[in-house]
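Heads up: the protein sequence lines correspond to chains A and B, in order.
The first sequence begins at 1 in the numbering used here and counts up by one.
The second sequence begins at 1 in the numbering used here and counts up by one.
Check before you lean on any hint, since a few could be wrong.
[Unchecked claim] What follows is a list of derived Cβ distance ranges for each label pair: (1) B/Asp250 with A/Glu337: 38 to 48 Å; (2) A/Ser141 with B/Thr103: 35 to 45 Å; (3) A/Asp250 with B/Pro297: 20 to 30 Å; (4) B/Thr91 with A/His157: 29 to 39 Å; (5) B/Arg357 with A/Glu107: 33 to 43 Å.
It should be emphasised that the hints constitute simulated quantities derived from the structure, not laboratory data.
Bear in mind that the values here come from a model prediction, so they are computed numbers and not experimental data.
We put the CB at the ideal spot given by N, CA and C, even for glycine.
The primary structure of each chain is shown beneath.
2 protein chains.
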Amino acid sequence: MKGNGYGRATPPAGAGAVLKLIREGEAVTRADLARRTGLARSTVAQRVDALLAHKLVIEAGGSESTGGRPPTVLAFNHEVGVVLAADLGATHSRLGVSDLSGTPLAEIAADIDIALGPERVLEWVHERFGELLRKVKRKASDVRGIGIGVPGPVDFHSGEPVNPPIMPGWDAFSIPEWFSTRYDAPVLVDNDVNIMALGEHWTHWRDTEHLLFIKVGTGIGCGIVAGRRIHRGAQGAAGDIGHIRVSGHDDVVCRCGNIGCLEAVASGRALAQRLSEQGIKANHSRDVVRLVRAGEPHAVRMVREAGRSLGEVLAAAVNLFNPSVVVIGGDMAEVHEQLLAGVREVTFRRSLPLATRDLSTVPSRLGDRAGVIGASVMVIEHILDPEVVDRAVSEGVPVGATS
Amino acid sequence: MKGNGYGRATPPAGAGAVLKLIREGEAVTRADLARRTGLARSTVAQRVDALLAHKLVIEAGGSESTGGRPPTVLAFNHEVGVVLAADLGATHSRLGVSDLSGTPLAEIAADIDIALGPERVLEWVHERFGELLRKVKRKASDVRGIGIGVPGPVDFHSGEPVNPPIMPGWDAFSIPEWFSTRYDAPVLVDNDVNIMALGEHWTHWRDTEHLLFIKVGTGIGCGIVAGRRIHRGAQGAAGDIGHIRVSGHDDVVCRCGNIGCLEAVASGRALAQRLSEQGIKANHSRDVVRLVRAGEPHAVRMVREAGRSLGEVLAAAVNLFNPSVVVIGGDMAEVHEQLLAGVREVTFRRSLPLATRDLSTVPSRLGDRAGVIGASVMVIEHILDPEVVDRAVSEGVPVGATS
Numbered sequence: 001m002k003g004n005g006y007g008r009a010t011p012p013a014g015a016g017a018v019l020k021l022i023r024e025g026e027a028v029t030r031a032d033l034a035r036r037t038g039l040a041r042s043t044v045a046q047r048v049d050a051l052l053a054h055k056l057v058i059e060a061g062g063s064e065s066t067g068g069r070p071p072t073v074l075a076f077n078h079e080v081g082v083v084l085a086a087d088l089g090a091t092h093s094r095l096g097v098s099d100l101s102g103t104p105l106a107e108i109a110a111d112i113d114i115a116l117g118p119e120r121v122l123e124w125v126h127e128r129f130g131e132l133l134r135k136v137k138r139k140a141s142d143v144r145g146i147g148i149g150v151p152g153p154v155d156f157h158s159g160e161p162v163n164p165p166i167m168p169g170w171d172a173f174s175i176p177e178w179f180s181t182r183y184d185a186p187v188l189v190d191n192d193v194n195i196m197a198l199g200e201h202w203t204h205w206r207d208t209e210h211l212l213f214i215k216v217g218t219g220i221g222c223g224i225v226a227g228r229r230i231h232r233g234a235q236g237a238a239g240d241i242g243h244i245r246v247s248g249h250d251d252v253v254c255r256c257g258n259i260g261c262l263e264a265v266a267s268g269r270a271l272a273q274r275l276s277e278q279g280i281k282a283n284h285s286r287d288v289v290r291l292v293r294a295g296e297p298h299a300v301r302m303v304r305e306a307g308r309s310l311g312e313v314l315a316a317a318v319n320l321f322n323p324s325v326v327v328i329g330g331d332m333a334e335v336h337e338q339l340l341a342g343v344r345e346v347t348f349r350r351s352l353p354l355a356t357r358d359l360s361t362v363p364s365r366l367g368d369r370a371g372v373i374g375a376s377v378m379v380i381e382h383i384l385d386p387e388v389v390d391r392a393v394s395e396g397v398p399v400g401a402t403s
Numbered sequence: 001m002k003g004n005g006y007g008r009a010t011p012p013a014g015a016g017a018v019l020k021l022i023r024e025g026e027a028v029t030r031a032d033l034a035r036r037t038g039l040a041r042s043t044v045a046q047r048v049d050a051l052l053a054h055k056l057v058i059e060a061g062g063s064e065s066t067g068g069r070p071p072t073v074l075a076f077n078h079e080v081g082v083v084l085a086a087d088l089g090a091t092h093s094r095l096g097v098s099d100l101s102g103t104p105l106a107e108i109a110a111d112i113d114i115a116l117g118p119e120r121v122l123e124w125v126h127e128r129f130g131e132l133l134r135k136v137k138r139k140a141s142d143v144r145g146i147g148i149g150v151p152g153p154v155d156f157h158s159g160e161p162v163n164p165p166i167m168p169g170w171d172a173f174s175i176p177e178w179f180s181t182r183y184d185a186p187v188l189v190d191n192d193v194n195i196m197a198l199g200e201h202w203t204h205w206r207d208t209e210h211l212l213f214i215k216v217g218t219g220i221g222c223g224i225v226a227g228r229r230i231h232r233g234a235q236g237a238a239g240d241i242g243h244i245r246v247s248g249h250d251d252v253v254c255r256c257g258n259i260g261c262l263e264a265v266a267s268g269r270a271l272a273q274r275l276s277e278q279g280i281k282a283n284h285s286r287d288v289v290r291l292v293r294a295g296e297p298h299a300v301r302m303v304r305e306a307g308r309s310l311g312e313v314l315a316a317a318v319n320l321f322n323p324s325v326v327v328i329g330g331d332m333a334e335v336h337e338q339l340l341a342g343v344r345e346v347t348f349r350r351s352l353p354l355a356t357r358d359l360s361t362v363p364s365r366l367g368d369r370a371g372v373i374g375a376s377v378m379v380i381e382h383i384l385d386p387e388v389v390d391r392a393v394s395e396g397v398p399v400g401a402t403s
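Hey, can you work out the whole structure from these sequences and the hints?
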């Protein structure tokens, strides 16, 4: 009887809505579709014919016999095209090609410095995309969408990085425009933490309404899933928790000019630097992970302390946002036993009982693949959005075609 | 071309959707409605007839003449019923009756102690509701919905308070059930800060996607508007910022058992207590307001310092959530010059430039009426939700009828 104070839309019923029902397995025969949508049988038949003509749906044969001629079962044709995805990190990237169900067909990971600038990095990405397509025997014309994640803030609507601190040359560079001469497909760009949150949510937590994904690597960031959607905020800056102040570290100056920032206290970069100062060789968050795994006591202690600082910020985030799941990802999640011990200790001490009653704090299950999977999901959910499908069908172009 | 990664519904087209278009002035003739919905003229006529029969729509005469017979203009009949609203505070409450456009018809404010327990308080509310109805010459049968705000956490779906710290006897008490024998109308219950956020957003910031409303009174709480909807979180505990830790106050013990909680440092209750300890008589946040207005220097300094502590938590909230507007309400907002000076100082120092580029931090415009207006809006938006209207129309009962 009760809903949110603001109005919700009633179920839609164009070809896109019909496809959604088929794709999610909620209605797989024409009769089911008529029942679920309230549309006339003849209208359903029209919608299905349009989807068949666009090869978005295939007839998968009859369902289990109940006497008489079995009704034809419809299925989403996830092989009608592919999507390309790239999760670009500061120095390391992962790229993949997947079908329209999000199933990865091929992936590659390689080192490349994002600071080489957009032209050189994207040319490199384009070459890797070509290799991936050849590997799965697909052509550029099969590409229905491209999803890109970058390690910095992005204006999601334009696909342009906005003053990204570790991406020299990328500020206001239009990544979709660069690809537009190479593929006839939409290009969506978001920051790395949002696509990781999306990948993890879509794969393992699809029924969870509210989730926070915390990436602890070289830096620290947060992806927010609110009402099963990525919350990007007014400027696309939501989740930027790296510069929230933590207590007890007023002697730590952050590169942003403030003191006691979470990132300056608890990131992989900060830990590596503090270990180096103690004469223990470490340049990168992955070195810290290696040292913890080798049982180096200073490294273990530091990660545990970092977990407490992270827990302090998470306690505030949990009190404000009240998620049911907090996922910890990024390089440092590989030593999640040590990190999560500190996180849980402080989060539970500092959060209200009601907010933590059913709270799960868990390590990422997708690990370093969360980003590339999320980038695929971002673009698949876009091109299969009922409105986008309706438009493609009415214009007689393949879904994802931008012309 | 681009949307959020998750699917959005296409425009709906039942009687409820038609009413929404009329109500928002987006389509006011049958021809406009056919154009906007894509429905056949005959279907539009059917939907409009149903709305006319339910008295939800009235024919308001012809529009400006363009030659020939002018088309009939349709208008939402906001007088078809009324809604009752109550904003129950710890010791002071405000109640109102409004029409279905949210226009207040009558309001009363009075002192009542919430700690008297649900039976006595709700009986009192019921009597006031009766007075309000008589005042505007309406009957109980005209009531289409009731919205209630309470000073504690609420399970929004059941309408029951959940372990509310300052509401003895109210835990798990079903407020909707209590009213169900007295009115045939839905009863929605939420915490006071959420309804204040809703009232302020609906009245003054309707086009703003992401807004935080901070109530600084006896306690401190936050209402979150994300994507123009109230974000309540997994347990309805979202926005509970009163127990986030602020720096520099490790000597302050909060009633929750932790140290340095925002509420123990910066709430009206905390300031009144500290002033009393200094021999300046103050029992309540309103006493602090009075002292600041009178220019009492200790009170002025304390409010400004409270603003800085609040700013520290807000900086974290702004970094995490990236709203475009932060509204400060509650008793203490009456001295917003002093409070906001501290808030802005720290929020802007500690937040990232991208997150604060277009951030407005402003005092509440509705003041102590935000809650009662928000409670009305909450229930109006519910009963005029397209799905709820469709159901009422198809069942042949008035909108808001629960049977």
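Between B/Asp250 and A/Glu337, does the C-beta distance stay in 38 to 48 Å?
violated (29 Å)
Would you say the C-beta atoms of A/Asp250 and B/Pro297 sit inside 20 to 30 Å of each other?
28 Å Cβ-Cβ, so the 20 to 30 Å window holds.
Outcome of range test on Cβ distance (B/Arg357, A/Glu107; 33 to 43 Å):
holds (37 Å)
Cβ-Cβ distance between A/Ser141 and B/Thr103: within 35 to 45 Å?
violated (58 Å)
Just to be sure I understand the hint, the distance between the Cβ atoms of B/Thr91 and A/His157 should be within 29 to 39 Å; is that true here?
Cβ of B/Thr91 to Cβ of A/His157: about 47 Å, so the range 29 to 39 Å is violated.
Comparing the model with each earlier hint shows violations of hints 1, 2, 4; every other hint is respected.
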